[in-house]
Amino acid sequence: MKISPVALLHKLNVVMLAALKPLGVWGIGALAVIDSAAIPVPIDALLIDYVVHDKSRFLLYCFMAAVGSAIGSLLPYYLGRAGGELFLLKRINRQRYEQMRDRFEKQEFLAIMIPAMMPPPTPVKLFEFAAGVFEMKMLWFFSAICVGKFIRFLIWAIITITYGPAILHTITRAIHQHLAYVLGFSGVLIVLLLVYVLRKVFDRRRGTTLPVEEG
Numbered sequence: 416m417k418i419s420p421v422a423l424l425h426k427l428n429v430v431m432l433a434a435l436k437p438l439g440v441w442g443i444g445a446l447a448v449i450d451s452a453a454i455p456v457p458i459d460a461l462l463i464d465y466v467v468h469d470k471s472r473f474l475l476y477c478f479m480a481a482v483g484s485a486i487g488s489l490l491p492y493y494l495g496r497a498g499g500e501l502f503l504l505k506r507i508n509r510q511r512y513e514q515m516r517d518r519f520e521k522q523e524f525l526a527i528m529i530p531a532m533m534p535p536p537t538p539v540k541l542f543e544f545a546a547g548v549f550e551m552k553m554l555w556f557f558s559a560i561c562v563g564k565f566i567r568f569l570i571w572a573i574i575t576i577t578y579g580p581a582i583l584h585t586i587t588r589a590i591h592q593h594l595a596y597v598l599g600f601s602g603v604l605i606v607l608l609l610v611y612v613l614r615k616v617f618d619r620r621r622g623t624t625l626p627v628e629e630g
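Counting in this note's numbering, the sequence shown runs from 416 upward without gaps.
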């Protein structure tokens, strides 16, 4: 009997949650590592659940989830360092690559921190991979992910403490009821974010154009 990828992912999530959730702060840290590195986990919903059951430790939960996410993000980062340069050089020339890297270095912290703050389906791993390709310093990259994720998780924790756990169900129900609008709005935000980062990465002042402007 064949198991669909969605069903398999659900079973893996059930097993991981059963094993790691009882571990408290260490559990949410471990789940955040897994979520960022390989297997998608509903980490925001888990954080809310932890905060609901122990509001006094909400800062610790946010911190552990942020650190775990940063540790997991090292996988796409090091993949980018290992082979990303060759991947790019097959598509662009060396001069343009150097220009992209120089421009990225001037904006690298924000270029990583801002996507890390955004909820799914923001393609954060693309930015993490790019950080590796352009050889962003590992500690600087780790810090940017930590700060972005901590801000994101802290916002969820404060909302939960202020309005109660029912806010998650309210938001989820509203999203489902207006899914088309939410997806459209999210798509526009993602495109704007990508264009913003690309404009910072490509050196417009020396005649480098965005890929979408080439023709």
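It is possible that some hints are incorrect.
Unchecked claim - Simulated restraints, written as ranges between beta carbons of each label pair:
| no. | residue 1 | residue 2 | range |
| --- | --- | --- | --- |
| 1 | Gly579 | Leu432 | 40 to 48 Å |
| 2 | Thr585 | Lys552 | 20 to 28 Å |
| 3 | Leu475 | Val603 | 32 to 40 Å |
| 4 | Met532 | Ile454 | 18 to 26 Å |
Hints were generated in silico from the structure; no laboratory data involved.
Beta carbons are placed, not taken as given, at the ideal position from N, Cα and C, and that holds for glycine.
Each hint tested on the structure:
1. Gly579 / Leu432: 40 to 48 Å: violated, 22 Å
2. Thr585 / Lys552: 20 to 28 Å: violated, 41 Å
3. Leu475 / Val603: 32 to 40 Å: Between Leu475 and Val603, where Cβ atoms are some 35 Å apart, the hint holds.
4. Met532 / Ile454: 18 to 26 Å: holds, 22 Å
When held up to the earlier numbered hints, the structure conflicts with 1 and 2 and fits the remainder.
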